[in-house]
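Got chain S; can you put chain B on it based on the hints?
For the record, the sequence lines run as chains S and B. For the first sequence, the numbering used here assigns the number 445 to the initial residue and increments by one for each residue that follows. For the second sequence, the numbering used here assigns the number 1138 to the initial residue and increments by one for each residue that follows.
None of these hints come from the bench; they were simulated from the model. Here a beta-carbon is modelled for each residue, glycine too, at the ideal position from N, C-alpha and C. Watch out, some of these pointers could steer you wrong.
Claimed, not checked - Which residues of chain S face chain B? A partial, calculated answer using Cβ under 8 Å: (1) P529; (2) P535; (3) N537; (4) E550; (5) A609; (6) V668; (7) L707.
What the hints assert, rightly or not - Listed next, with one range per pair, are the computed distances between beta-carbon atoms: (8) B:V1331 / S:G603: 57 to 63 Å; (9) S:R624 / B:L1235: 43 to 49 Å; (10) S:F657 / B:L1406: 44 to 50 Å; (11) S:G558 / B:G1279: 35 to 41 Å; (12) B:L1235 / S:S584: 41 to 47 Å.
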Amino acid sequence: MAEFGELTLGGISVGMIYAAIGLSLVLIWRATRILNYAQGGMAMLTTYIALTVINHTGSYWAGFAAALAAGLVLGAVIERVVIRPVESKPPLNAIVVTIGLLILIEGLAGIIFGGQYRSFPAAFSITGLHIGSAALGISSNDVFVTVAVLIAALLLAAGFRYTRAGLRLRAAAFSPQVSRLLGVRVGRTLTLGWALAGLIGALAGVLISPSIFLYPNSMDAIFVLGFTAAVIGGLDSPGGAVAGGLILGVALNYVSGYLGSDLVPLFGLAALTVVLMLRPSGLFSTAPARRV
Amino acid sequence: MTLLRHLAAAVLAAVVVAILTIQLNAFRDYQIAEIACYVVAVAGLTVLVGLSGQISLGNGALMAVGAYAAGLLLIHLQWPLAGVLAAATAISAVSGALVGVAAARLRGPYLAGATLLLAVALPSLAIKYAGVFGGDQGLTVGLTPPAFLGASFPLTRWQAWLTCACALITLVLLANLARSRVGRSWRAASDDEVAAALAGLNVARLRVLAFVVSAACAGLGGALLAVTTSIISPGAFTVTLSIALLTGAVLGGLGSLPGAIWGSLVLVLLPTYVTDVATSHGLSSAAGSNVPVAAYGIVLILVMLVFPEGIQGGVRRLLRQFTPGTPASRDLPPGRAAASEHQEEGSL
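If we strip away everything but chain S, and leave its shape as in the complex, we get (with noise of 0.2 Å):
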């Protein structure tokens, strides 16, 4: 029973990775209707940036900005340059490209920064916390981790909700035509939703790469599953994709526990694809049928 609890709560905290790949997938998605498979690529790189700075500087956070800021930009610059052409194309050429987009990341950092696994320091210490002698199974960078991610998701659907941005972002994503002849900049607000994606990407993986090495396909895995919570929980649903990442977590951690984590990937697999027969559009969507 004491086990149970200790792979719940650990389960909460990567969960929350998973939730915040989600995120940054459901906001482009939402935005644009691409899925950008980049993501993953995009957070290693900054992660990697993280890394630098944190060498050079000797501090953690200055660090932990540098990969956000990074992400933000490298958000706006991949919009801007090489998905703008094919936003009006058909969906294949716009997964194609994400594609290619990953892949030249991943080989782009494998040739600066080496194939090497290199350990990236965590926030807070990372020995387990008790209440009385009972351990609990996580750690204060845990509790970090899944507060970060939480504060993030509550600052976005704040953001949406209450700022001027916001209201563009979302008229945007309802319909551009209409926004457009409503003088918003839809293409300023497409720019600015990558970017957004960008930094919570890279939030993710400067919040992982503790728990995992850092090298150039650490973030393949991690993706595949924020991928798969964000499908869960549908992809045009943020909250969806939070609850997505959090079922996620704690069923995988569940069965990396109790089973083995070599299953953990055919898992996901199995999740992921019972999800898409039953409710193809995800738990939480409320998107009406596939226009055809």
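Just chain B now, kept in the frame of chain S:
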């Protein structure tokens, strides 16, 4: 008529390959064999993506299915090679049917993501059940030239002949399939699903069938790759392989079988070439091995942005300039896969 034309082209290609393999050295023969393995797999993928309009990032995993099936049959049952290749193809076709049934309801990014997860998840099975699949080390299989070719027949030439023969047979079969009723139905269903369904086509069955065909090709390609490289390990069938296959199909020209040959040539020859150039310019070999990966990425992006018809599209345009008066290509209209406009919100 078309059947005859395809057969004639295949016989011509076989003669060219035979001359090349006798003239070239053992290393080039080995490369030809490798190219042929990729041709089989890429041709299957280009049919899936270009004709039926579905995407798969999991064909590398289906190649692994074929490779491991072939390895296990060779090691434990000592089947003859032809039987092994046929069985490996059949087993991957069945796996492809399973994937296809699950995938038939999925579209675009959902399908790509689900198949991507397949590519990530399947190799981990080989490590989990190390007793059967050999774990990280993988399985080792041997291949010897058949006795009737003589004792001194070089192994690499036999590998090149075997793989090229399989590749040509696959290409002829696929070319006929693409021209047949099934091929036309695939195009109809991918151009306009609703219209195709109204015209009486069973769209779901067509989509599954496309997956089966592409999986069979991937399995045969994987089995051939296994007997060519003589080692089958999970490290050879990563996501990178799946993405390389897609790169080959896109670069050659989606939906075009000659394009699959162009794409495979680039997939095999470019990495060696680029790595050589990079290391000779002072990059360490570890960094140099990443240059081809980055190059694939640039190629994918540029092809999609600048010339979505791929290499075969360019070849076709050149040919048309030299032969004025030929009717518009009987092949797919150029860039069909990239040009159909079902976009929800057009760009203003």
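Status of the hints after comparison with the structure:
1. The criterion of a C-beta within 8 Å of any C-beta in chain B is met by S:P529, whose closest approach is roughly 5 Å, and the hint holds.
2. Hint status for S:P535: holds, given a least beta-carbon distance of 4 Å to chain B, under 8 Å.
3. Taking 8 Å as the C-beta contact cut-off toward chain B, the hint placing S:N537 at the interface holds, the least distance being around 5 Å.
4. Checking S:E550 against chain B: minimum C-beta separation of about 6 Å stays under 8 Å; hint holds.
5. For S:A609, the interface hint is violated, since its Cβ never comes within 8 Å of a Cβ in chain B; the closest pair sits about 21 Å apart.
6. Among the interface hints, the one on S:V668 holds; its C-beta lies about 5 Å from the nearest C-beta in chain B, closer than the 8 Å criterion.
7. Checking S:L707 against chain B: minimum C-beta separation of about 7 Å stays under 8 Å; hint holds.
8. Range check, B:V1331 to S:G603: about 39 Å between beta-carbon atoms, so the 57 to 63 Å window is missed.
9. About 45 Å separates the C-beta atoms of S:R624 and B:L1235, a value consistent with the hinted range of 43 to 49 Å.
10. Look at S:F657 against B:L1406: about 33 Å separates their beta carbons, and that is not inside 44 to 50 Å.
11. Range check, S:G558 to B:G1279: about 36 Å between beta-carbon atoms, so the 35 to 41 Å window is met.
12. In this structure the hint that B:L1235 and S:S584 lie 41 to 47 Å apart at CB holds, the actual value being about 45 Å.
Of the numbered hints given earlier, the model fails hints 5, 8 and 10; all others are met.
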